[in-house]
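J.: Sequence:
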Amino acid sequence: MGFNDWNAFGCNVSASLIEQTALAMHNNGMQAAGYNYVNIDDCWMNGRNVSGSAAKLAAGRVNGHLIADPTFFPPSAPGLNDGIKIVADYVHSLGMKLGIYEDTGTATCQGLAGTYQGPNGATYDTVDAQDFASWGVDYLKDDWCNVPLGDVPGATRDDKAAYLYTQMSQALKATGRPIVFESATLGDTGLKTYTWAPAISNLWRTTSDISASFSSMLRNFTTNSALAAYAGPGHWNDPDMLEIGTGSSTTLAGAVAPGDTNVKVNSVSGAVVGGVLRIGTAAAGDVEGGVITSVGTAAGSTTLLAAAAAGDNNVKVGSVGAFAAGQQITIDTGANAQTATITSVGTAGTSTTLAAATAAGATTIPVASVANLAVGDTLAVDNGANAETVTITAVGTAGATGTGVTVSPALTLAHANRAAVNDASQPGTGVSFAPPLTAAHPAGTTAAGAGTGITISAPLAKSHPIGESAGKSGLTLAESQTEFGLWAMEAAPLIAGTDIVNIAPQNLAVYNNAGVVAIDQDPLGAQATVVTGSSTNPDWTLTKPLANGDTAVALFNAGSTPWTNVSASLASLGLDPTRAYAATDQWSHDTTTVAGAITLDSIPAHGTVLLRLAPGPRVDASASALGRDSAHARLTAPAGDLIVAYVAADSPDRAHGQTTKVTGGGLDWRLAGRANGVHGDAEVWTAKAASDLNNAVINVTGNVRGYNESVTVTAYRASGIGAVTTASSSKGAPTASLKTTAANSWVFASGDDWLASVDRTVGAGQTLVHQATDSVGDTYWVQSTTGPTSASGTRVTINDTAPRKDPYNLVLVEILW
1 MGFNDWNAFG CNVSASLIEQ TALAMHNNGM QAAGYNYVNI DDCWMNGRNV
51 SGSAAKLAAG RVNGHLIADP TFFPPSAPGL NDGIKIVADY VHSLGMKLGI
101 YEDTGTATCQ GLAGTYQGPN GATYDTVDAQ DFASWGVDYL KDDWCNVPLG
151 DVPGATRDDK AAYLYTQMSQ ALKATGRPIV FESATLGDTG LKTYTWAPAI
201 SNLWRTTSDI SASFSSMLRN FTTNSALAAY AGPGHWNDPD MLEIGTGSST
251 TLAGAVAPGD TNVKVNSVSG AVVGGVLRIG TAAAGDVEGG VITSVGTAAG
301 STTLLAAAAA GDNNVKVGSV GAFAAGQQIT IDTGANAQTA TITSVGTAGT
351 STTLAAATAA GATTIPVASV ANLAVGDTLA VDNGANAETV TITAVGTAGA
401 TGTGVTVSPA LTLAHANRAA VNDASQPGTG VSFAPPLTAA HPAGTTAAGA
451 GTGITISAPL AKSHPIGESA GKSGLTLAES QTEFGLWAME AAPLIAGTDI
501 VNIAPQNLAV YNNAGVVAID QDPLGAQATV VTGSSTNPDW TLTKPLANGD
551 TAVALFNAGS TPWTNVSASL ASLGLDPTRA YAATDQWSHD TTTVAGAITL
601 DSIPAHGTVL LRLAPGPRVD ASASALGRDS AHARLTAPAG DLIVAYVAAD
651 SPDRAHGQTT KVTGGGLDWR LAGRANGVHG DAEVWTAKAA SDLNNAVINV
701 TGNVRGYNES VTVTAYRASG IGAVTTASSS KGAPTASLKT TAANSWVFAS
751 GDDWLASVDR TVGAGQTLVH QATDSVGDTY WVQSTTGPTS ASGTRVTIND
801 TAPRKDPYNL VLVEILW
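Counting along the sequence shown from 1, when you hit position 577 you're at 577 in my numbering, and nothing is skipped either side.
Check each hint, because a few of them may be wrong.
[Unchecked claim] Calculated cross-link-like contacts (lysine-lysine; reagent style DSBU-like; alpha-carbon spacing at most 35 Å): (1) LYS192 x LYS173; (2) LYS688 x LYS661; (3) LYS739 x LYS688; (4) LYS173 x LYS85; (5) LYS661 x LYS739.
Calculated directly from the structure, the hints in this document are not laboratory data. Note that this is a predicted model, so its numbers are computed, not measured.
Put together the whole structure using the sequences plus the hints.
T.: What follows is the structure, given as structure tokens:
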């Protein structure tokens, strides 16, 4: 887990950037969440020290040391080469680790010094590894560019790659310093890196470079998902960096005030609805963000296609993209500038520029575009004192080498390349405004507008000046959560490829989600198994076992429309279908009970539901019986199960306090709780199955004077019971309330709906375990309540209003497991 500078900064890496990033991670919770590595990518070096004999230089066999670029990684004194060590020492002082980059080829991907020396596979690996260790490097990303495969020993491409990476692996081990080693073969389709890299690397690239787009993320995930068999503790498939927060940047085109939800920017390129807009900088202390709800137009400027006079309230312009009704238009600059409020925006005029310089006397002029130009139109060529007008007689092709536009009469003046060419016959309807102009402005004068900007979902809290930095995430927030969740399911390295120093709070919250990080970093180290989903099936289901017995499940919609009626059976996920599970959503943190199947109404396009399923007490069997004065239920259950009997006695005139007896199955039955109702009693009996029960008869008997006696027996795979509450009522809805004795226990309810044959419904997060109706129409049931409980002392209350005609009994039992 950590950071790599490449995707956000490219070659603009420096000691200052790495140190600022490390400090930001130290302070913003990322280090505490587990992000320990701060990694330098390409462009840090300035070549090699090539001192040596002329013969060695000519043969290219100088054991030259890599030199850190002193401009960007300054040494402690002129002539020294300790710039990387200085950065490593700083990173280590924060309790973090430093990573560095090299390449197995003759040059890095950016053309700097690689590790390959030649001939016949000779490398600088030993020298480089020793230098890295002496500098305090903790991680090496070894890239795969500019490799002279013809000079490398080996029969196949994989043999050659394994040969080179093995040399670096051995060189790193020989230093005695623990250095994480990545065989970064860039997803080379000619290689099966995953077959040989586990023996020599801690991680290896399985994909091509990722970018900040959903399609790129999906491609890398899909490729990596097929390689689960090769990953495990200490050796990982790497689908490349995380792109959460990475995207494009711009600046504010207008000041922003607290409470604003619309931001004027100089570029909307790369902004996506649902993505995060970051505003402000860490240096200014005003970083904040918002989720984009609409993307309008950027600020910009154009020129007047025709002169405007004092009193005019409409100008003809070459572009209307930066203008919107209600916004400001600024005409001209400096002392001549005038600002007005736009009342309506029409159409732009037809305009272009010269594609090359033209001389006086020319009758054909090269233009950058011929769109909308027509024979007979009047062209205004150039502005100011150099302006002249001509008429189009023929329209050819655009560009400096095109046939251009033929005009009459011939030009009388010379005109420079890119001089304005406006079609005076097609001026458009322009932009109207108020108040009118107070001064004249010639054709070619600048007209600027702020555009409609970007709208976000919640008001901003801070002020931001015009010109301040803003960042646009390439992924929507939902897609960012998807990427993070899928990388966690695949036990992939979590390497942030964004500007951590100036990260928006919404994106930081994704990186610091403790539940998702725990799934990724689970010590079992298993990569998720794909249950459903492929490049042709967008409905992905993945399951991942966790070390404590829990299971992570991801339901990912890779499609462009909602995935509706989502269902994944527990059996299909390799889970016990007879057991209830507590399913905790890793983003909403809501917990619900799952039995039989995970079901969801829908998952939005590009969205993922990430669940952690904790097994509850398994229900192995349940049975019911009714009789006069006695009842006899048959039960089959395995040894070790906790057997719970819920007994209901309908006796309107029985002497309360008289205990019913439960016997049978060779079990040692104990009374756990009872309640006396007005017209009936409810009791709970428990026993532990010392051996298998095979159709064992469980008896309930008691002197209830000819009235009904019923029993519902349930076998749980559980350790015991905690609290017990019983309740009874006459033709009403009893309420039972229980306070748990332990955390993570499950509370089950049981009841009988006398003389009321009903299909029982349960509330949200509850599961119906058993329902049976006897010959006289009485219904017996067992259900789980919402669980598991979060802590000891949790209050669980059931108030049931099922229709009934006679006494009704209710039992709550806390099941420990």
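J.: Now look at each hint and say whether the structure bears it out.
T.: Tested hints:
| no. | hint | verdict |
| --- | --- | --- |
| 1 | LYS192 x LYS173 | holds, 24 Å |
| 2 | LYS688 x LYS661 | holds, 17 Å |
| 3 | LYS739 x LYS688 | holds, 23 Å |
| 4 | LYS173 x LYS85 | holds, 19 Å |
| 5 | LYS661 x LYS739 | holds, 27 Å |
No hint from the list above goes unmet by this structure.
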